[in-house]
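Which chain is which? The protein sequence lines are A and B, in order. The first sequence lines up with residues 468 to 917 when you count with this note's numbering. The second sequence lines up with residues 992 to 1214 when you count with this note's numbering.
Hint data in this document are derived by calculation from the structure and do not stem from the laboratory. Using N, Cα and C, we set each Cβ at its ideal position, and we do this for glycine too.
Think about it this way: if two alpha-carbon atoms lie no more than 25 Å apart in a straight line, the pair counts; the simulated DMTMM-like pairs of lysine to aspartate or glutamate are:
no.: 1; chain 1: A; residue 1: Lys905; chain 2: B; residue 2: Asp1049
no.: 2; chain 1: A; residue 1: Lys801; chain 2: B; residue 2: Glu1094
no.: 3; chain 1: A; residue 1: Lys805; chain 2: B; residue 2: Glu1138
no.: 4; chain 1: A; residue 1: Lys805; chain 2: B; residue 2: Asp1089
no.: 5; chain 1: B; residue 1: Lys1128; chain 2: B; residue 2: Glu1116
no.: 6; chain 1: A; residue 1: Lys905; chain 2: B; residue 2: Asp1067
no.: 7; chain 1: A; residue 1: Lys821; chain 2: B; residue 2: Glu1094
no.: 8; chain 1: B; residue 1: Lys1076; chain 2: B; residue 2: Asp1182
no.: 9; chain 1: A; residue 1: Lys905; chain 2: B; residue 2: Asp1088
no.: 10; chain 1: A; residue 1: Lys821; chain 2: B; residue 2: Asp1088
no.: 11; chain 1: A; residue 1: Lys799; chain 2: B; residue 2: Asp1088
no.: 12; chain 1: A; residue 1: Lys821; chain 2: B; residue 2: Asp1049
no.: 13; chain 1: A; residue 1: Lys805; chain 2: B; residue 2: Glu1094
no.: 14; chain 1: B; residue 1: Lys1129; chain 2: B; residue 2: Asp1170
no.: 15; chain 1: B; residue 1: Lys1111; chain 2: B; residue 2: Asp1182
no.: 16; chain 1: B; residue 1: Lys1058; chain 2: B; residue 2: Glu1075
no.: 17; chain 1: A; residue 1: Lys821; chain 2: B; residue 2: Glu1075
no.: 18; chain 1: A; residue 1: Lys799; chain 2: B; residue 2: Asp1089
no.: 19; chain 1: B; residue 1: Lys1076; chain 2: B; residue 2: Glu1053
no.: 20; chain 1: A; residue 1: Lys801; chain 2: B; residue 2: Asp1088
no.: 21; chain 1: A; residue 1: Lys805; chain 2: B; residue 2: Glu1127
no.: 22; chain 1: A; residue 1: Lys801; chain 2: B; residue 2: Asp1089
no.: 23; chain 1: A; residue 1: Lys566; chain 2: A; residue 2: Glu627
no.: 24; chain 1: A; residue 1: Lys905; chain 2: B; residue 2: Glu1159
no.: 25; chain 1: A; residue 1: Lys805; chain 2: B; residue 2: Asp1088
no.: 26; chain 1: A; residue 1: Lys821; chain 2: B; residue 2: Asp1089
no.: 27; chain 1: A; residue 1: Lys905; chain 2: B; residue 2: Asp1089
no.: 28; chain 1: A; residue 1: Lys805; chain 2: B; residue 2: Glu1159
no.: 29; chain 1: A; residue 1: Lys805; chain 2: B; residue 2: Asp1067
no.: 30; chain 1: B; residue 1: Lys1151; chain 2: B; residue 2: Glu1138
no.: 31; chain 1: A; residue 1: Lys821; chain 2: B; residue 2: Glu1060
no.: 32; chain 1: B; residue 1: Lys1107; chain 2: B; residue 2: Asp1089
no.: 33; chain 1: A; residue 1: Lys821; chain 2: B; residue 2: Asp1067
Interface residues of chain A toward chain B, partial, derived using beta-carbon atoms under 8 Å:
no.: 34; residue: Gly807
no.: 35; residue: Ile808
no.: 36; residue: Ser811
no.: 37; residue: Leu814
no.: 38; residue: Leu815
no.: 39; residue: Lys819
no.: 40; residue: Tyr820
Residue strings, one per chain:
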Amino acid sequence: MFFKELWLAIRRNFTLNLLAACLVFFSLILMFVTFFYIDSNRIGSISAGDEVAEGAQMALLVQDRENSHVGDEVEGLRRMYELMTVAEEFDTLMFRSDKIELGSSFVRNPYLSAAYLFGDTEMVWELDTEIVVRAINFGFLEHFPLNVSQGRTFEERDFENYSGYIPIILGSQFMPFYEIGERLDGTFYNYPFQFEVIGFLEAGHSGPDFNWSPDDWFYSMDEIGFIPFINFSQDGRGSSPQWESFLSHYYFHLMQPWIRFEDTREALDISFNLIASLSDYVGMPMFFTETHPILIRNAVTRNTIAMNLEAITTFMVAAFLLISVVLYYFSKVKYLRKQGIYRSLSLLGVSKYKQVGLILLENAVFLVPTIILVLYYLIYWSNLIVSWSAISDLFDKWEVIDWVLFDPMVNMAFPILWQLMIVGLAFYVIQNIYPIWKILSVYRGGKSDA
Amino acid sequence: MLELNGIVKGFSTNGGNVRTVLEELSLTVGAKESVAIVGRSGSGKSTLLKIISGMDNDFLGEYLFNKEEMRRKSSDKRARFRREKLGFITQRFDLLDDRNVYENIAIALSHLGLPKSEKKQKVAEILGYVGLHGYEKKFIGQLSGGEMQRVSIARAIIKKPALIIADEPTGSLDEETRDDILSLFKQMMEDGHQFIIVTHDKDVSKICDRILKLYRGTLINVS
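Please build the complete structure, drawing on both the sequences and the hints.
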């Protein structure tokens, strides 16, 4: 019965329906492509474990060099680090950025450079000898695991002892140039080391940068490398001025860990007091920067959305097209199914306003609970997913600020929640247009079935 | 009772022109008079019925019902006019499929505010009148075409309307059933019901007092 009426609705205007079929096909293709794009990005690229998603506060620990005891700095920092890593009140996450200088140059692939993405098609094959690396500890890895496409990720032993080389995991862009197991000669803080490539990250894998702006926390790690933060004092190299100089740079530059603790005032106080006690104990004054005022979970979600914003926009437009076309036909079929009732009501003396009111009431029965549910979830999720900085990036790209309506829109401060509500209401209106228009046409005296 | 004077009604065509369907049409129907209107498809019969029933007031000319001007009445007042003064019998019966026979008929009494017992009694009486005694609880899908038309007739006459408008009332019935319905119509006319019937069926038109043909937008007396 439904399909018969659908067929009746479709065959009335061949051109319109051909156009509708094209729209449906186009929408489905768009949705299919963007859905898998979004899905693959979301699942494959964010470096964040389950614990991270539960939410926590982060704080950066910084050395107070002015008040430290000259000569004891390295030992103090080393002991401080050891004590912090065994503390149960908080997790210690080492994450510092630096560079290693290679003895030989490598070719950096320009295809994936930002310039190429923004339309610079000229191929520039640049030679490079520096690799930007992040020194991380095992605590970091527990919360932000590294996904490798080849080789292996770090294990606990990689952080504990120096075995004559420093293991390194490289971003996906280095895959054409190096192999697993290859030893690279280079210097780190002017001290010669060998770096052994133990793995390559998945392409597009994103990791945290711990910026102060949470929207920028996650970025692509295709072009960087990771090395373990090793406790070098136990490697038995003895002392030499060059080694002492290295250790001094190494600890002063790298030993600025983040601590992660539960998102409560009590946990914050306990953690801060403990850090203060430990720094007094080892004679290495340290202080906190102010705690990070956001949940890590929010940053993960925000960044996922930001990364996929264009794809999501495309997906939503495609979905809107598809739903609009489907609702138009649903509306036609609804009228065909009920035209007998509408006609009967007209003949029985029910006015057009009452009939239109009946249609609206009938829909409101479904619409009101739906709006309540949607509102609840939208309010809940909009707190998590709305990333205005990502949107403003998109605005820049589209030069939205030149649009005539931009200022009024900004002044209205249209939150996404309400935009979505308007889309929902638009669906509702579309769904009712055809039956209402047909009923009114009966009273207009125009062509109708009544 | 009913008077149409100089009715002009047109429709816009796709090319932007106006096609005139009713051209200076006039019609007077006296008290206790039944009229049949015949004409080819597309001659404007349905348009005329919409004007008479007050569903369309977008026309030129004058329409009086019991000396009351109808065209300038509001949509609600014209709906009330249909509710109180008119009964409709149509080719497609226009019954509510999701309701039973009793509910389909009783809906025509809803504006009177009658107690339920009285409604039940009236519906039972009218069902007996149209030959469907005991059909109250049957659903529309369980009825034959002739039975559905009888329910439609019962719904039209239960409120004792001043005028019954029948649009091709036998159009979808077989010959035997059509004869039964014709007999019922004759009985109804003898009982004082007044009809305007639009039909292609000569036998149906013959039971009326007057037969009018709608030709080129105006009515011609053919009986």
